[in-house]
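Enquirer: For reference, the chains in residue letters:
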Amino acid sequence: MRQSGRFGEFGGCFVPQVLLPALEALEAAFLDSREDPAFAAELDALLRDWAGRPTPLYRCRRIAEGTRARLCLKREDLLHGGAHKTNQVLAQALLARRGGKTRLIAETGAGQHGVATAMAGALFGMTTRIYMGEKDVERQQANVLRMRLLGAEVVAVTQGARTLKDAINEALRDWAGSFETTHYLLGTVAGPHPYPTMVREFQRVIGREARRQVLEAEGRLPDAVVACVGGGSNAMGIFSDFLGDPDVRLVGVEPAGRGLHTAHHGATLRKGRPGVLHGAYSLVLQDEDGQVEESFSIAAGLDYPGVGPEHAHLKATGRAEYVGATDDEAVDAFRRLAEAEGILPAVESAHALAHALKMAAAADRDTVLLVNLSGRGDKDLAQLSGRLGGAGGRP
Amino acid sequence: MTTRYDAMFARLAAAGEGAFVPFLVLGDPDPATSLDLLFALADGGADALELGIPFSDPVADGPAIQAADLRALAAGARPRDCLGLVAAFRARRPDVPVGLLVYANLVEAPGREAFYAAAAVAGVDSVLVADVPTVEAAPYAAAARAAGVAPVLIAAPNSPDAHLADVARLGAAYTYVVTRTGVTGADERAATGHRALLDRLAGLGAPPALLGFGISSPEHVRAAIAAGAAGAISGSAVVARVESHLGDPAAMRADVLTFVTEMKAATR
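First to last, the protein sequences are chains G and Z. The numbering of the first sequence is my numbering, which starts it at 278 and goes up by one. The numbering of the second sequence is my numbering, which starts it at 29 and goes up by one.
Think of the hints as simulated: they come from the structure by calculation, not from any bench. Heads up, some of the hints might be wrong.
[What the hints assert, rightly or not] Just some of the chain Z residues that point at chain G, by a computed CB distance under 10 angstroms:
(1) Pro-82
(2) Ser-84
(3) Asp-85
(4) Val-87
(5) Leu-101
(6) Arg-106
(7) Val-160
(8) Thr-162
(9) Val-163
(10) Leu-181
(11) His-191
(12) Val-206
(13) Thr-209
Computed from a predicted model, the values in this text were never measured in an experiment. Don't be surprised by glycine CBs; every beta carbon is placed ideally from N, CA and C.
Using the sequences and the hints, build the whole thing.
Expert: Right, here's the structure in full:
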């Protein structure tokens, strides 16, 4: 390895020995690509013409009425594929092609990363297999259908809790035997080095655009940047270009499920202890013996007992703060954004929105809040229909 | 630290035999049966034992050992119980080397120092951490050695010389040489023609090589030794014999013992 892949004490490369050469090759390909103008040119062109970058910044008109806050949404929900995932999937797929790989594998929780990977597989003519927990297959049927229509094979993982954690286990097992032909297109800033660094750099475009856009729209930097955190890629993507702005609060919102005081949540940064899961030393929801616990969230994309190691570091240093939003708060925010602004957010992104709405209500001076609206909510309609069933429309 | 392994390799060299090392998951299918199976391994002629502490997320393992981990966890096997089984085995079998196979989070949870100290007290001779490759291995190896436990590292067919040099520098007792890429599992394609890899390890002064991954028949054992390995490790094939006799401990013990006897015979 050319780099240690550490963020303070967190990170590293904890994989079976057989995968170490594959990760060294990936690190080399990633670092070399950063010196290659042709790589950046092709990626930029695809992000613009195929994926629809830059995404807009939208200042909410109604939802924060009566508060001192202006709520700006970074509209990653409008990116091709319906979520921020597409940004870094395109970049990794280009790296895979440069490395001569002919097959992509990926894990997915809500299905957004799986859809993005299936899209890239179609675009580059690569065989694509997506590992998805059986429980997530059930609650995200629309995305399963999308992946299959895009030509990907979707494998329902029946082990363990049958969610994202188990899908990552299966993808790692596949890769241990297939790395010569296959790129593991990991979907977040977790996993072994170089993924946390590489995925952050490929998602940095979100914050780079948003920082410029908010300066243009508001004439100043935001008071806070708010993003949901499962593995943590959309949050690292929007945080990174604000790390050097000490007056900008960085707020990560974890899934509090049925409440942080219950056993049913996925708030790894708030409730986890240091440990090794899926290739990195980070915070992990685990019992006292080190057995990894099952997380819980209404949002499949946040339902993960680990978290990217850079978030663990940002928490340890105090640069970022991490809070929770419950299932109920997220569903309420989902409904409010739909009714007040005409936008259906992903239930994942609705966690960030829920906390931003609390911050807006509490603001005692003019406040600018930048929220990463990381995905759109069409995928969640079937699952939420029961909880939203009582909605009678606008009074 | 490597006394029991050294004595084993010396005894086998004098007899002109290779080592046969079976693997089981501690606590599978339940603590009492598991302890009985450890003695069955030794009674069948195992030269050393390789024993897993069950983990919730065993990414280096295929379906057979994953299922064994889940059975043991469902039966309530905690790491301290597993070390208790090793201690109970050690009390009656003072000479058989015992290695542990664990995942990093089981070491990190109590802390490296405490983990290796507890292993040493239980009579463990070596520890292999399946998801700690050479690039992360130094602090684990140091903590193991400080407690008098041998750190075992893995060498793979795709390992470049730089990794093998780390294996030779950091490892002790034996080197776990995987026969192929992928995860653990009994299969017919167990590749055992690894003379080049074994020669590279020997040239670097690495500890003796035991071949593992896919070793499921006496032919595999013979081929491993013919290729120059000091012995062979068989995991999934042993664990599968536990799974096939769930609910019938007597048949389970008999099948495991017979399998070990046949595999050991192939080392001679």
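Enquirer: Hint by hint, say whether it matches the structure.
Expert: Now for the hints, and whether the structure bears them out:
A distance limit of 10 angstroms between C-beta atoms decides the matter here; for Z:Pro-82 the minimum to chain G is near 8 angstroms, and the interface restraint holds. The beta carbon of Z:Ser-84 is positioned within 10 angstroms of a beta carbon in chain G (closest approach about 4 angstroms), and the interface hint is therefore held. Proximity of Z:Asp-85 to chain G holds as hinted, the smallest CB-CB distance being about 5 angstroms (cut-off 10 angstroms). Proximity of Z:Val-87 to chain G holds as hinted, the smallest CB-CB distance being about 5 angstroms (cut-off 10 angstroms).
Among the interface hints, the one on Z:Leu-101 holds; its C-beta lies about 7 angstroms from the nearest C-beta in chain G, closer than the 10 angstroms criterion. The closest approach between the C-beta of Z:Arg-106 and any C-beta of chain G is roughly 5 angstroms, which is under the 10 angstroms cut-off, so the hint is satisfied. For Z:Val-160, the interface hint holds, the least distance from its beta-carbon to any beta-carbon of chain G being 6 angstroms, beneath 10 angstroms. Among the interface hints, the one on Z:Thr-162 holds; its C-beta lies about 7 angstroms from the nearest C-beta in chain G, closer than the 10 angstroms criterion.
The beta carbon of Z:Val-163 comes within 6 angstroms of a beta carbon in chain G, closer than 10 angstroms, and the hint placing it at the interface holds. Given the 10 angstroms rule on beta carbons, the hint for Z:Leu-181 holds: about 7 angstroms separates it from the nearest Cβ of chain G. Because the smallest distance between the Cβ of Z:His-191 and any Cβ of chain G comes to about 6 angstroms, under 10 angstroms, the interface hint for this residue holds. The beta carbon of Z:Val-206 is positioned within 10 angstroms of a beta carbon in chain G (closest approach about 6 angstroms), and the interface hint is therefore held.
The interface hint given for Z:Thr-209 is met, as the beta carbon of that residue sits about 5 angstroms from the closest beta carbon of chain G, less than 10 angstroms.
The structure meets every hint from the earlier list without exception.
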